[in-house]
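There are 2 protein chains.
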Amino acid sequence: MLIIDALNIPTPERRWFEEWRAGGVSAVNVTVAIWENARETMSFIGKWRRVIAENADVVGLATSADEIERIAASGRTAIIFGFQNTAPVEHDIELFRSFRALGVCIMQLTYNLQNYIGCGYWEEKDLGISSRFGRKAIEEMNRVGILIDLSHCGDRTTLEAIELSAKPVSITHANPREYVGNPTFGAGRLKTSEAIKALAARRGVIGLSPNRHLTKRGIETTLDEFCDMVAWVVDLAGIDAVGMGTDYCPGHPPTIRNWWRYARWSRETAPAAQMQKAPHEGWQEWFRSPADFGNIVAGLERRGFQNAEVEKLMGGNWLRLFRETFVSAEQA
Amino acid sequence: MLIIDALNIPTPERRWFEEWRAGGVSAVNVTVAIWENARETMSFIGKWRRVIAENADVVGLATSADEIERIAASGRTAIIFGFQNTAPVEHDIELFRSFRALGVCIMQLTYNLQNYIGCGYWEEKDLGISSRFGRKAIEEMNRVGILIDLSHCGDRTTLEAIELSAKPVSITHANPREYVGNPTFGAGRLKTSEAIKALAARRGVIGLSPNRHLTKRGIETTLDEFCDMVAWVVDLAGIDAVGMGTDYCPGHPPTIRNWWRYARWSRETAPAAQMQKAPHEGWQEWFRSPADFGNIVAGLERRGFQNAEVEKLMGGNWLRLFRETFVSAEQA
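Chains A and B supply the protein sequences, listed in that same order.
Heads up, the final residue of the first sequence is numbered 342 in our numbering, and it's a clean run with no missing numbers.
Heads up, the final residue of the second sequence is numbered 342 in our numbering, and it's a clean run with no missing numbers.
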């Protein structure tokens with residue numbers, strides 16, 4: 011069975027690759043940029059590619075569904091490069107193609123804030139995809155083979171991007187608002203049932219997360235409750251529209267939260283209470299890291315999903331979506 | 011027979027691709043950066059990749075000797091991306107790997123001036139490869155599969171780079187100083203017999219150019235005289251060390267000479283006399299453009315070279331060198 015985690019933010023270190031191997035993880039979408047500009051991202055991708063080459067016994071870079079299958083079949087984990095923001099593109103249409111050539115197959119249109127393309131969930135207003143560049147950017151991502159991700163986008167940006175994209179799109183890491191309510195990260199960070207249904211109607215996939223800041227009862231959330239949420243979304247959107255996206259982010263110091271939240275656009279710092287622990291510490295016992303993916307498989311089976319359904323939920327749906335979207339118009 | 015032109019600086023336009031097809035050109039090293047920084051180069055490479063995709067009936071991007079052969083066999087011209095300077099790397103060791111991933115397989119260590127790595131021919135002094143970064147850069151280029159080019163480097167930088175590189179290196183476009191003397195571009199731009207012999211001893215290749223600014227009698231140089239120069243270098247360095255590198259640079263306005271010469275490091279402008287014509291206009295009748303490569307083939311045959319020798323000179327030597335050098339240490 012393929013296990014695909016549609017969002018991790020690890021530092022480029024072997025110890026996280028070993029967790030993936032322990033969990034039998036076939037592929038991971040690894041965030042290589044959030045707020046960084048083109049130049050910074052280019053250097054970081056160079057570093058990531060080097061670390062992948064140095065650890066070729068356990069990981070490999072993948073830029074197609076076939077490569078994911080081949081790497082997974084060799085007992086390694088396929089790394090897919092993704093952005094959580096389009097900041098690296100810097101309002102330059104040619105950079106989508108350059109970053110795709112560097113291996114970036116997934117891009118979230120916006121992180122938490124408004125940018126050239128749309129609006130993030132942490133803005134007060136959301137104009138949707140109304141900017142001239144926003145529409146061209148979606149066309150270009152479709153053209154060069156980049157999967158659009160809407161996890162942190164505002165509600166209107168999310169709905170309009172689903173509608174505008176000629177290819178199916180993704181929500182790599184978010185939970186359903188109607189089911190969860192108001193978690194630590196806020197209800198805005200979750201997705202409306204309208205958005206999840208629209209996504210599914212266009213053959214997209216949503217990745218559900220055990221991240222304690224995104225679940226109904228936070229750190230108290232049980233495995234059975236997580237699986238109940240999976241079943242709830244399957245009932246809403248269908249078995250072909252749901253996958254995993256843990257939002258697991260190992261290796262960073264607690265102060266990384268300042269960067270993720272405020273980057274360079276403000277001099278504020280995150281509340282001290284948010285910086286007590288490194289972001290990957292203190293997860294639930296049943297999912298301390300991707301090494302524990304087996305627990306989720308067991309939980310879903312216990313919840314009554316059939317084998318073929320579990321395979322779709324754990325990775326099959328993502329692989330199908332990647333096969334449709336990581337392809338350029340020139341290849342097709 | 012493979013015909014490989016080891017240096018062109020065309021604008022990204024189909025009309026130049028059609029000249030290559032008319033001349034039966036199998037592969038061209040296309041300059042995609044001289045003075046540009048990482049960010050600018052990234053955008054320009056995005057544009058080049060798009061134009062290649064839009065003209066896939068006549069050209070294709072190649073990053074290995076096998077791809078060159080495959081593209082040439084399909085009746086198209088393989089484009090190899092090259093830099094004429096390491097400016098895009100910006101003193102950042104990780105960027106060699108990123109640019110290699112973007113398709114850049116050849117980098118000239120310096121253009122005319124001193125940089126982080128070494129010294130160009132148009133400086134008064136040349137410290138060779140004495141900088142700390144210079145030595146690391148050569149190691150890294152060897153490691154990630156980038157062929158080193160020394161055409162515009164100073165004499166000492168040229169000799170020391172030949173010596174320091176673990177892989178054979180190239181002089182993609184320069185003529186022999188001892189044979190030519192002092193052409194329009196100056197004797198310094200040409201290569202010493204010592205350098206050419208050292209290059210050949212380490213299995214490198216020099217590309218000879220019909221560019222009127224690099225030949226003994228300028229625009230008056232005849233085809234037979236050009237072929238005599240080829241024979242002279244073959245006598246000096248051996249039949250395996252010589253190829254073609256025209257320095258043909260179509261599509262630019264005459265004012266491009268200001269950029270090539272002074273970029274942003276000075277406010278001077280090139281002498282008006284140098285800006286009377288676009289750089290690709292007014293070449294000799296027997297080589298007005300790469301469409302005329304057949305004339306050189308005929309000239310070499312008339313000069314008495316055997317078929318197998320002509321094949322080496324026109325492209326075989328470059329293909330052999332590319333096969334040895336476009337490979338990363340991880341692949342090897």
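If you are wondering where the hints come from, they were derived from the structure by calculation, not from laboratory data.
Treat each hint with caution, since some may be false.
Sample of chain B residues facing chain A (criterion: CB under 8 Å; computed from the structure) [to be verified]:
#	residue
1	R49
2	M52
3	S53
4	E134
5	P281
6	A282
Quick list of simulated restraints, FRET-style, between CB atoms [what the hints assert, rightly or not]:
#	chain 1	residue 1	chain 2	residue 2	range
7	B	R24	A	T194	38 to 48 Å
8	B	G196	A	L137	31 to 41 Å
9	A	V68	B	S338	14 to 24 Å
In this text, a Cβ means the ideal position worked out from N, Cα and C, and glycines have one as well.
Please verify that hint: S53 (chain B), Cβ, nearest Cβ of chain A, below 8 Å or not. At 5 Å from the nearest chain A Cβ, S53 (chain B) passes the 8 Å test, so the hint holds.
For the range 31 to 41 Å, tell me whether the beta carbons of G196 (chain B) and L137 (chain A) fit it or not. violated, 58 Å
Given P281 (chain B) was flagged as interface, is its beta-carbon under 8 Å from a beta-carbon of chain A? violated, 34 Å
Against chain A, run the beta carbon of E134 (chain B) and see if the smallest gap drops under 8 Å. violated, 32 Å
Hint check for S338 (chain B) and V68 (chain A) - Cβ pair distance inside 14 to 24 Å: Because 19 Å falls inside the window, the suggested range holds.
Taking the least C-beta to C-beta distance, is R49 (chain B) closer than 8 Å to chain A? holds, 5 Å
Cβ distance range 38 to 48 Å for R24 (chain B) and T194 (chain A), holds or violated: violated, 56 Å
Interface restraint verdict for M52 (chain B) against chain A (beta-carbon cut-off 8 Å): holds, 5 Å
May I ask you to test the interface hint for A282 (chain B) with respect to chain A, counting a Cβ-Cβ separation under 8 Å as satisfied? violated, 34 Å
Hints 4, 5, 6, 7, 8, counting from the list given before, are not met by this structure.
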